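There are 2 protein chains.
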Amino acid sequence: MAEAKGVLSVVGIGPGAADHVPPAASRAILEADLIVGYTTYIKLVSELIRGKEIVRTGMTEEIGRARAAVTRARDGGRVALISSGDAGVYGMAGLVFQVLREMGWKRGDSPELHIIPGVTALSSCASLVGAPLVHDFCAISLSDLLTPWPIIARRIEAAAAADFVIGLYNPASGRRTRQIVEAQAIIKKYRDGKTPVALVKSAYRKLQHTVLTDLDNFLDYEIGMLTTVLVGSSNSYVFEGYMVTPRGYTNKYTADGEVRPGQRPGFSLVLEPAGPAQER
Amino acid sequence: MAEAKGVLSVVGIGPGAADHVPPAASRAILEADLIVGYTTYIKLVSELIRGKEIVRTGMTEEIGRARAAVTRARDGGRVALISSGDAGVYGMAGLVFQVLREMGWKRGDSPELHIIPGVTALSSCASLVGAPLVHDFCAISLSDLLTPWPIIARRIEAAAAADFVIGLYNPASGRRTRQIVEAQAIIKKYRDGKTPVALVKSAYRKLQHTVLTDLDNFLDYEIGMLTTVLVGSSNSYVFEGYMVTPRGYTNKYTADGEVRPGQRPGFSLVLEPAGPAQER
Numbered sequence: 012m013a014e015a016k017g018v019l020s021v022v023g024i025g026p027g028a029a030d031h032v033p034p035a036a037s038r039a040i041l042e043a044d045l046i047v048g049y050t051t052y053i054k055l056v057s058e059l060i061r062g063k064e065i066v067r068t069g070m071t072e073e074i075g076r077a078r079a080a081v082t083r084a085r086d087g088g089r090v091a092l093i094s095s096g097d098a099g100v101y102g103m104a105g106l107v108f109q110v111l112r113e114m115g116w117k118r119g120d121s122p123e124l125h126i127i128p129g130v131t132a133l134s135s136c137a138s139l140v141g142a143p144l145v146h147d148f149c150a151i152s153l154s155d156l157l158t159p160w161p162i163i164a165r166r167i168e169a170a171a172a173a174d175f176v177i178g179l180y181n182p183a184s185g186r187r188t189r190q191i192v193e194a195q196a197i198i199k200k201y202r203d204g205k206t207p208v209a210l211v212k213s214a215y216r217k218l219q220h221t222v223l224t225d226l227d228n229f230l231d232y233e234i235g236m237l238t239t240v241l242v243g244s245s246n247s248y249v250f251e252g253y254m255v256t257p258r259g260y261t262n263k264y265t266a267d268g269e270v271r272p273g274q275r276p277g278f279s280l281v282l283e284p285a286g287p288a289q290e291r
Numbered sequence: 012m013a014e015a016k017g018v019l020s021v022v023g024i025g026p027g028a029a030d031h032v033p034p035a036a037s038r039a040i041l042e043a044d045l046i047v048g049y050t051t052y053i054k055l056v057s058e059l060i061r062g063k064e065i066v067r068t069g070m071t072e073e074i075g076r077a078r079a080a081v082t083r084a085r086d087g088g089r090v091a092l093i094s095s096g097d098a099g100v101y102g103m104a105g106l107v108f109q110v111l112r113e114m115g116w117k118r119g120d121s122p123e124l125h126i127i128p129g130v131t132a133l134s135s136c137a138s139l140v141g142a143p144l145v146h147d148f149c150a151i152s153l154s155d156l157l158t159p160w161p162i163i164a165r166r167i168e169a170a171a172a173a174d175f176v177i178g179l180y181n182p183a184s185g186r187r188t189r190q191i192v193e194a195q196a197i198i199k200k201y202r203d204g205k206t207p208v209a210l211v212k213s214a215y216r217k218l219q220h221t222v223l224t225d226l227d228n229f230l231d232y233e234i235g236m237l238t239t240v241l242v243g244s245s246n247s248y249v250f251e252g253y254m255v256t257p258r259g260y261t262n263k264y265t266a267d268g269e270v271r272p273g274q275r276p277g278f279s280l281v282l283e284p285a286g287p288a289q290e291r
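Just so you know, the sequences run in chain order A and B. Numbering-wise, this note's numbering puts 14 at position 3 of the first sequence, and it's gapless, one number per residue. Numbering-wise, this note's numbering puts 22 at position 11 of the second sequence, and it's gapless, one number per residue.
In short, the hints are calculated from the structure, not lab data. Because the structure is a prediction, the values reported are computed rather than measured. Do not rely on the hints blindly, as some may be mistaken.
Intra- or inter-copy, both count: the list cannot distinguish identical chains.
Calculated cross-link-like contacts (lysine to any residue; reagent style SDA-like; alpha-carbon spacing at most 25 Å) [claimed, not checked]: (1) K54 x S37; (2) K199 x E64; (3) K199 x I162; (4) K117 x S245; (5) K200 x D225; (6) K63 x D30; (7) K205 x V192; (8) K200 x S121; (9) K16 x W160; (10) K212 x A29; (11) K200 x E168; (12) K199 x T51.
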C-alpha cells in the first residue's frame, strides 16, 4: 500500500500581526506538524506554532527552506512554509515549484499542494496611508540580486511613462543603496516633483513608521529593507495627510456625482472629439 | 459637549469565502451597526451581519453607497463599508476620500476612519493557478467607464513591452467586449503566443472556474465581469498545470542552487561584460 500523502501549505501571513492572517492561513499553520520559515516571520506567528517543530533559516537561504519544506512534505509530513505578505507575491510559492520541478513531481504525487492567499505588503502599506492603489498600479522589486538592473530600470521607466501608481519592493538594503536613487531619477523624467510618495516601514508591526512626502524629497528619509515605497500617478493627491488615487479619471461625473453632458453611466467614457484624453 | 464620534471602517472581504477574511476585517464588520455594500458582497458575508441594518445598492451606485456610509458614520454611527478583494485596490476606499473631501472633513472630525487591508483578487486568483505573481507585475482595469481607452491602451503597451506579468481586472462585461480583444493584440506585439495565460472566475466562490491557456488562445474561453486574466511574463512557464513566474532571472544560481562562477549571494547580479542582460 502507498504511504500516506504529505501536505505542503504555502502560507502568506500578511504584514505580521495575527489580526491580518486570514482563517485559511491560520488553520494551515495550526494543522501543520512542521513550520518552515525565515526567523522574523516565525516570530510574528509565534502564538500559532507553539509546540511544533520549526525549521528557521536566514534570509539568503530561501532555496534551502523551500527544499526542506518540500522534502519533508513529500515524505508524508504536514508542512506549512511561511512567507510574509502573500506567498505568491515575491514569496516562497515560486521556489516551491522550482524545487518540485527539480524533483520530477507530478500532480497527484505527494505532497498535496495548497497555496493560501494572504494580504500583500502593498495592500497593508496602502491601507496605512490612505487609498493610493485604487487605480492601475505596478509592483517592482528593486533588488538586483537575481534580476539584472537594466531589466528593472526598463520596468521603472515603462511604469512611470504610462502613469501607473508604482509600488517599490526591496528599495534598499545595507549595501544596496544606488537603485532607489536611480529609480527616483527615472520617475522624475515623467512625473512632477510634487507627486505624492509614501514610505511605509514595518506595517502593522511594533516599529511601524509612515512618511508622506513627494517625489522631489523622499530620498531625504530613511529607506531600508523593511520599507515599501508607493509613488503616486499623475492623478494621485494628498488630502488631510492621506495619499489618494481616484478610481479612473473624473471625465464622466462632476464632484457632486452628476453625470456630465454627453456621458452615460455604465457606458464607455465618451472622449472629446477634438483630441486625446485629458487627465484631470 | 460634542456628539460621540462615529466610526467608518472600509473593509475588503477578499474573494468572498469567510475563510479569507482576516480577523481585523471580520471584527470591523461584527462591530458595525450599519453595513453598506453591493448586494453580491453583502450575501458573501451574510453570517457576519445577521441582525444588522444593511444598505445595499446596485453596482453603478457606488458613489451613493460611499455617501450613505460616510454620512451615517459622520452622524455618529459605526459603519462598515464593504468591498470585495482589498478595499484599497479598485475598491471603495478611493470614493470615501472623494466624499470626505466634498464634505470638508478634517482629520480629527467625525467619522474616525479605518481602512482594513484584505486579500486582493490578484492574490486569490493567483493562488488557484500556481505562482504567477512571484515577480514584477501590473494591475490594469480594462473598464473604460471612467478611464479613457487611450490611457488604458498605453498602460497595456508599457506593461507588455517591459515584461511585467499583467493582471487584467474588469476584462469584459455584457456590452463591453472590445477591450480584451485589443489588449490581446497589444500584448502579442511583445510576447510569444505561447505565453501562459490564466483565467480565473469567481475565485473561492461556488462557481469558481479556472482555465490555463496561452496568449494565442485565451479569447476562445468565456471572459466576463467576474473573470480576472493573468498574462505571464516572458519568463513564466507552465508546470504540471500550474502557471509559475520565477523570482528574478536565473543568472546567479544553477537549478541545483549552486552559485554560478563570478556571482556572490547577497550581492548585485554581475552581468556579462559583453552586452545587455539575457533573460533566461
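Compare the structure with the hints numbered earlier in the document and write down the numbers of the violated ones, lowest to highest.
Violated: hints 2, 8, 9, 12.
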